[in-house]
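Q: What follows is the residue order along each chain.
2 protein chains.
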Amino acid sequence: MKALAETVIDDTLQRIRALVGDKGYITAADAMEPHLVEWRGLWRGQARAVVKPADTAEVAEVVKLCAEAGIPIVPQGGNTSLVGGSVPYEDFDGIILSLARMNRVRAIDRMNYTMTVEAGCVLADLQRIAEENDRFFPLSLAAEGSCMIGGNLSTNAGGVNVLRYGNTRELVLGLEVALPDGTVWEGLRGLRKDNTGYDLKHLFVGAEGTLGIVTAAVLKLFPKPTRRETAMVAISGPDAAIELLARARAASADGVTSFELMPRICFDFVLAHIADTVDPLPQRYDWHVLLELSSTSPEDDGLAEKLQNLLEKAAEDGLVLDAAIAQNQAQANAMWKLRETVSEAQKPEGASIKHDVSVPVSRVPEFLRRADEAVAKAVPGIRVVGFGHVGDGNIHYNLSVPKGGDNQAFLARWEEINEIVHDIVHDMGGSISAEHGLGRLKREEITRYKSQTEMELMRKIKGLIDPKGIMNPGKVL
Amino acid sequence: MKALAETVIDDTLQRIRALVGDKGYITAADAMEPHLVEWRGLWRGQARAVVKPADTAEVAEVVKLCAEAGIPIVPQGGNTSLVGGSVPYEDFDGIILSLARMNRVRAIDRMNYTMTVEAGCVLADLQRIAEENDRFFPLSLAAEGSCMIGGNLSTNAGGVNVLRYGNTRELVLGLEVALPDGTVWEGLRGLRKDNTGYDLKHLFVGAEGTLGIVTAAVLKLFPKPTRRETAMVAISGPDAAIELLARARAASADGVTSFELMPRICFDFVLAHIADTVDPLPQRYDWHVLLELSSTSPEDDGLAEKLQNLLEKAAEDGLVLDAAIAQNQAQANAMWKLRETVSEAQKPEGASIKHDVSVPVSRVPEFLRRADEAVAKAVPGIRVVGFGHVGDGNIHYNLSVPKGGDNQAFLARWEEINEIVHDIVHDMGGSISAEHGLGRLKREEITRYKSQTEMELMRKIKGLIDPKGIMNPGKVL
Numbered sequence: 001m002k003a004l005a006e007t008v009i010d011d012t013l014q015r016i017r018a019l020v021g022d023k024g025y026i027t028a029a030d031a032m033e034p035h036l037v038e039w040r041g042l043w044r045g046q047a048r049a050v051v052k053p054a055d056t057a058e059v060a061e062v063v064k065l066c067a068e069a070g071i072p073i074v075p076q077g078g079n080t081s082l083v084g085g086s087v088p089y090e091d092f093d094g095i096i097l098s099l100a101r102m103n104r105v106r107a108i109d110r111m112n113y114t115m116t117v118e119a120g121c122v123l124a125d126l127q128r129i130a131e132e133n134d135r136f137f138p139l140s141l142a143a144e145g146s147c148m149i150g151g152n153l154s155t156n157a158g159g160v161n162v163l164r165y166g167n168t169r170e171l172v173l174g175l176e177v178a179l180p181d182g183t184v185w186e187g188l189r190g191l192r193k194d195n196t197g198y199d200l201k202h203l204f205v206g207a208e209g210t211l212g213i214v215t216a217a218v219l220k221l222f223p224k225p226t227r228r229e230t231a232m233v234a235i236s237g238p239d240a241a242i243e244l245l246a247r248a249r250a251a252s253a254d255g256v257t258s259f260e261l262m263p264r265i266c267f268d269f270v271l272a273h274i275a276d277t278v279d280p281l282p283q284r285y286d287w288h289v290l291l292e293l294s295s296t297s298p299e300d301d302g303l304a305e306k307l308q309n310l311l312e313k314a315a316e317d318g319l320v321l322d323a324a325i326a327q328n329q330a331q332a333n334a335m336w337k338l339r340e341t342v343s344e345a346q347k348p349e350g351a352s353i354k355h356d357v358s359v360p361v362s363r364v365p366e367f368l369r370r371a372d373e374a375v376a377k378a379v380p381g382i383r384v385v386g387f388g389h390v391g392d393g394n395i396h397y398n399l400s401v402p403k404g405g406d407n408q409a410f411l412a413r414w415e416e417i418n419e420i421v422h423d424i425v426h427d428m429g430g431s432i433s434a435e436h437g438l439g440r441l442k443r444e445e446i447t448r449y450k451s452q453t454e455m456e457l458m459r460k461i462k463g464l465i466d467p468k469g470i471m472n473p474g475k476v477l
Numbered sequence: 001m002k003a004l005a006e007t008v009i010d011d012t013l014q015r016i017r018a019l020v021g022d023k024g025y026i027t028a029a030d031a032m033e034p035h036l037v038e039w040r041g042l043w044r045g046q047a048r049a050v051v052k053p054a055d056t057a058e059v060a061e062v063v064k065l066c067a068e069a070g071i072p073i074v075p076q077g078g079n080t081s082l083v084g085g086s087v088p089y090e091d092f093d094g095i096i097l098s099l100a101r102m103n104r105v106r107a108i109d110r111m112n113y114t115m116t117v118e119a120g121c122v123l124a125d126l127q128r129i130a131e132e133n134d135r136f137f138p139l140s141l142a143a144e145g146s147c148m149i150g151g152n153l154s155t156n157a158g159g160v161n162v163l164r165y166g167n168t169r170e171l172v173l174g175l176e177v178a179l180p181d182g183t184v185w186e187g188l189r190g191l192r193k194d195n196t197g198y199d200l201k202h203l204f205v206g207a208e209g210t211l212g213i214v215t216a217a218v219l220k221l222f223p224k225p226t227r228r229e230t231a232m233v234a235i236s237g238p239d240a241a242i243e244l245l246a247r248a249r250a251a252s253a254d255g256v257t258s259f260e261l262m263p264r265i266c267f268d269f270v271l272a273h274i275a276d277t278v279d280p281l282p283q284r285y286d287w288h289v290l291l292e293l294s295s296t297s298p299e300d301d302g303l304a305e306k307l308q309n310l311l312e313k314a315a316e317d318g319l320v321l322d323a324a325i326a327q328n329q330a331q332a333n334a335m336w337k338l339r340e341t342v343s344e345a346q347k348p349e350g351a352s353i354k355h356d357v358s359v360p361v362s363r364v365p366e367f368l369r370r371a372d373e374a375v376a377k378a379v380p381g382i383r384v385v386g387f388g389h390v391g392d393g394n395i396h397y398n399l400s401v402p403k404g405g406d407n408q409a410f411l412a413r414w415e416e417i418n419e420i421v422h423d424i425v426h427d428m429g430g431s432i433s434a435e436h437g438l439g440r441l442k443r444e445e446i447t448r449y450k451s452q453t454e455m456e457l458m459r460k461i462k463g464l465i466d467p468k469g470i471m472n473p474g475k476v477l
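For the record, the sequence lines run as chains A and B. So for the first sequence, the UniProt record's numbering puts the first residue at 1; every next one is plus one. So for the second sequence, the UniProt record's numbering puts the first residue at 1; every next one is plus one.
By construction, these hints were calculated from the structure, which means they are not laboratory data. Possibly wrong hints are sitting among the right ones.
[Unchecked claim] Simulated restraints, written as ranges between beta carbons of each label pair:
no., chain 1, residue 1, chain 2, residue 2, range
1, B, R413, A, D134, 29 to 37 Å
2, A, L42, B, L464, 46 to 54 Å
3, A, E373, B, E33, 44 to 52 Å
4, B, L411, A, R448, 57 to 65 Å
5, B, E33, A, A374, 57 to 65 Å
[Claimed, not checked] In silico lysine-lysine, BS3-like type, Cα no more than 25 Å apart, as pairs:
no., chain 1, residue 1, chain 2, residue 2
6, B, K450, A, K462
7, A, K64, B, K450
8, B, K460, A, K460
9, A, K450, A, K460
10, A, K403, A, K347
Heads up, the beta-carbon is just placed ideally off N, CA and C, and yes, glycines get one too.
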């Protein structure tokens, strides 16, 4: 039986090779390497081949052949997953299906504020193409130079503009998906309103490639922001951040595009380890918010005055202790550099245990109090680097080893610390994976927090749409 | 067998009555009447009882009992469906489950900009409660005084604020749903970011009660708009409307909350038949847009000037022929009255055949040209009243009988005319039900336009989640 199965598999792979051509069929070790290894080196998987179809028809045919032969598939975009969702397991015996060659923008409809793009388009390219068409595509995140939109869709990526524009899920109007049996669901609609039955696209967005392969999408575009006001604001604490956020939303016609909380330790790490960084404030403060307001108005609509008034009033009320308002783009960039290099700056400080959690925005201060106390009790001297998209209730709650502590001993407690933090998150109605997904990393852990009913529904849907279990096996569920 | 089945049903109904009490169990003809009849009188169904549970536990128990006995259920909110989704069929032999008694607001979290509400809350009450808490719940539609949020969620209701705030789907963060087997999915999360598996809530939103009963939801709130600028703008035609919309979005920091297209015939009908209406413009024009900009800024942020500049520039460029800007709320209300009474004003003009369609916003002018030509060819003298939410690509394409024509002869061609209009819509990548759903009215017709693949996926999902087919039978699918 084994021999027969191998014959079938070999025969299928031959047919796939003939279909996609040598250019789309990779087996050389060095060429396969970047597809097999998680980008931080945390996991290394294997595969029989990396297949790169040129268009949707080829994707569908490859999936159909694999389905018939029972060959599992790991769909892959830019391979920048933070939870191991985009690389195969160590004992994987199927193929990686890379969307990298499908990188065309099929259409731009300026007056419909949409663009129709293929899954392999790199996010930064899409941002640029929107800009060239006098439009704005708001999805923006650290990996944008290499991540692909198919992966962004499959993981419902978040990023720095969610507060104003929503997650990737909110940015998509239509999808084209190769289903696990090789048929194609052609749902590439560019409609703002369509109430004709179940909304299938939301099943595939965020499914991490376990229900099919997103091959193309219709994305929403927006008017291009013409003005931005950026400020680094010293605040009295996390409670003040939540109050300031509500005031900023009201004051700016809901034009708050970013609202990032940063405790002192972020500044200390970045200023110590990252070249060309400087504290924009004249003295040390314990808590900061990086605040950005935007407007699309072609005329000056008083955004700078709004920010000024907001901060002055908040200072009178004791929420704001000090603030630096960027006077030009270079100053704004310098402020953003403080925020964007936090993870990098954490590395020289030793091992860290990370969490990507969310709670209701109103409960962020309570979460920080409870979690800080709990982890300090577990590991005296632990250094809490809890920062991030507080406007979405999303905290990157990263914990650095105590100063001079033993890295290995600290990392050995990864799961224990995860459980402490995630139990608090769960108790507060939060999420243990706010924007990174479940992938391989959290598929076991999630069963601790989701109800039986919800896990059962998810498993039934997986069984329904992918009955042979060939799509990204061992991820999510 | 029949007798035995009837015994089981009787026994189950007895148990349901004991569970919900006399207050929650209605069989008197007069009390059942409003639940059995479609509000315009288009359909009249029957049911064994109208059951009104007091809380989620009761809903779940009723569903469980019905599932065991095979008794079908029509879930019902305010019974304002426009497609017969909320009333039972003529030969229905199950129960209506009304959510009307479940009308508590369970929680308001001002700083999280959310409220947790039960399915039976009337939409207008929720708008008011948000307002009292210095927040804004943007869902707004004609039936808001009696429709219930559970129905809004189950139909993914649209309305007049979709352009800025999205459909109901975009306004919900979490759901509580009684599944067809009587278990409850507790998904009442108030999170802006949560990437932990398949997004189940989007399956139930817009499913028109065919996959389960929405019992509660966490809704998004927004900063309260403090300023509104309303204008009735005479434009050169539909093409000018699309260009003006793009300019308005850019000029107002994406603060266009309404953008409603109205041809001359709307004005003629309304001015002739509706008391206390007046044309705000000094002369007759062929095409109009009712334009509303909003801002939440507590200070004057130049919204009026933005509108003025926008219109002046558009007039220079030949897009705008004339405009009246409301100088106070009374004038704004008078303009809105012209828009909101169009359907009512159509009635005295004789029979009408209606369509709730959408196309990409950029293609609205093309749709109007093609459809106008096609229906005039089919029925010479037909009067096209094509108006509505052009900012969402959503046209209420309503057709009045030719002047002095035979109403019955006209209505006899309903399906033929539907097909002419919907074929054009479909050819343009549009939707034959933009905001009203499929319900009973369009469940057959949709199979003409959706792909086999999509219909099959929808049927499989229905079969998976409601294997006994007891939830709102004969609707959607």
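Q: Are the hints correct? Go through all of them and say.
A: Here is how each hint holds up against the structure:
1. The given range of 29 to 37 Å is broken by R413 of chain B and D134 of chain A, whose C-beta atoms sit roughly 45 Å from each other.
2. For the pair L42 of chain A and L464 of chain B, the supplied restraint of 46 to 54 Å is violated, since their beta-carbon distance comes to about 35 Å.
3. Against the hinted window of 44 to 52 Å, the Cβ-Cβ separation of E373 of chain A and E33 of chain B comes to about 60 Å, which falls outside the hint.
4. Distance hint check for L411 of chain B and R448 of chain A: the Cβ-Cβ separation is about 60 Å, which falls inside the suggested range of 57 to 65 Å.
5. Checked against the hint of 57 to 65 Å, the C-beta distance between E33 of chain B and A374 of chain A comes to roughly 58 Å, which is consistent with it.
6. Distance check on the hinted pair: K450 of chain B and K462 of chain A sit about 23 Å apart at the alpha-carbon level, within 25 Å; holds.
7. Distance hint between K64 of chain A and K450 of chain B is fulfilled; the C-alpha atoms sit about 22 Å from each other, no more than 25 Å.
8. A distance of roughly 11 Å separates the Cα atoms of K460 of chain B and K460 of chain A; the hinted pair therefore holds under the 25 Å criterion.
9. Note on K450 of chain A and K460 of chain A: the hinted pairing holds, with a Cα-Cα distance of about 15 Å set against a maximum of 25 Å.
10. Note on K403 of chain A and K347 of chain A: the hinted pairing holds, with a Cα-Cα distance of about 13 Å set against a maximum of 25 Å.
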